[in-house]
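Engineer: Residues per chain, in single letters:
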Amino acid sequence: MSASPAVVATRFDAARVRADFPILARSINGKPLVYLDSAASAQRPLPVLRAVEHYETTLHANVHRGVHSLSQWATDAFERSRETVRRFINARSSREIVFVRGTTEAINLVANSWGRGHLKAGDEVLITYLEHHANIVPWQMICAATGAKLRAAPLTSAGELDMPAFKQLLSPRTRLIAIAHVSNALGTVLPVQEIVRLAHAHGVPVLVDGAQAIAHATVDVRALDCDFYAFSGHKVYGPTGIGVLYGREALLEAMPPWQGGGEMILSVSIEASTYNALPAKFEAGTPNISGAIGLGAALEYVEGLGREAIAAHEHGLLELASTRLAGLPGLRLVGTAAGKAAVVSFTMQGVHPHDIGTILDSEGIAIRTGHHCAMPVMQFYGLPATARASFGCYNNAHDVERLVEGVRKVRELFG
Amino acid sequence: MDLKELYREVILDHNRSPRNFGRLDPADASATGRNPLCGDLLDVTLRMEGERVADLRFEGQGCAISMASASLMSEAVKGRQRAEIERLYEQVHALLTGRAGAGDRELGKLAALGGVAEFPARVKCASLCWHTLHAALSDTHLPVSTE
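Each protein sequence line maps, in turn, to chains E and B. Counted from 1, the first sequence has number 229 at position 229 by the numbering used here; the numbering is strictly sequential. So the mapping is simple: the numbering used here equals the position in the second sequence, first residue as 1, plus 1000.
Heads up, none of these hints are tricks.
Taking CB as the label site, the calculated pair distances span: (1) E:Ser27 with B:Gly1079: 45 to 55 Å; (2) E:Phe12 with B:Glu1090: 56 to 66 Å; (3) E:Ile270 with B:Arg1099: 55 to 65 Å.
To be clear, the hints were calculated from the coordinates, so they are not data collected in a lab. Everything numeric in this text was worked out from a predicted model, so none of it was measured. Positions of the beta carbon are idealized from the N, C-alpha and C atoms, including for glycine.
Work the whole structure out from these sequences, hints included.
Structural biologist: If you want it as structure tokens, here you go:
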């Protein structure tokens, strides 16, 4: 796990990786499954499934509560996962790692807790047209509640952030910037470091929606220098219902709790309560313990494969898929940024993406079709929907060929 | 699961060249339908003569199933009484959800949508136009949704 990237890279064996994911052995509609929807939810490898099973069958009790052995063991396992997350994103302290349900809850937490204390009429929150609804709607809601205004920076035709326009929108009224690290609909990688540098020069904190980046790039919150970073476990080969909010300790320290309940208090009387220290202050109620343990196992699995090695493997598939698909008549790639994660969004002349999805499904190929919960991106391109193939560590060149064959079948059927 | 059952020639033809596509202006009734999952959007405009749908048009964007279904519907209901249309709506719904019975002789060309029942994810695509027509006939101008 501490091997150098070069050593890890030579060890990356796509066939062996596939064998770690039992679901990939199944058939769909009589055809071997080709899973190209990891951007929606990645599949789970055996080490994650086993870690969850081990916890459920030998360790389960409530955490941070009991004096009995099981409670202590469960707490130890839960907190070890928090430490794994800290190491994985290179946070300074595990006090900066808050377990939440997922990216959506993480962003809602910041919008509510940080937003309520810092936003007022005349202030602005700056996002981009690339955002997932999870990084739009919470800001709309808090802006409506505080009188602040939501601004969105436009894109270029390739699906990159229009930096000159972004710089113009960054004003003395800007209180917070919330941006995706990687676009879920197009795969575009945003220049987070540059944005953070610009923002900090104006004294503006930056929240990064890392849902699509966490499985595909080395995420180092200290190198990015961002103030908040949110991601979900199930996008990085972990369970659903668990995610992480990273927050700079001083910021989290100054923020009020969002939800009240058990775990987040030190003492309660009917008149008032004293809140717990970080990160418990933001973890009201019994957490998703097995989810957190599964997430820890998923991050260790990714570390074991090597993040650079996974990124290189996926980049190869992205190049192959882009070239092969772009060569098909009537097919248009949507989102052609220079820096992309392994996501290929496309449309076909005369065929609606939903029909593409159904026909590919009959071939055992799972892709996403629709607006990808990013309607402003679709509106920006004047498209109602796209078809999207997204790749994970377990995909291979054969999957790309099956996709291309499937797309040919769509063309045959629709003429 | 047979693709040829879903994408029958009639469906592909109505998708390529939808009948009664457009908008009546002025119209006696109209409604907008949306399928938020796939972003389908459909406008139906009607001209009524008493209880009879004298003319109708639809416009919008969507998959082949939703376009063909709207086109087939427009042909099937034009000139019919409101009550007949409501009955047809019930029969189409039964067809789409695999419950079609003895009454399906009345369906005529609409029977081409029979393959949809094998594809539960696509039932909403085929029924959006009917929900929208129903809303227009109920003379409600509130947008309808399949969600």
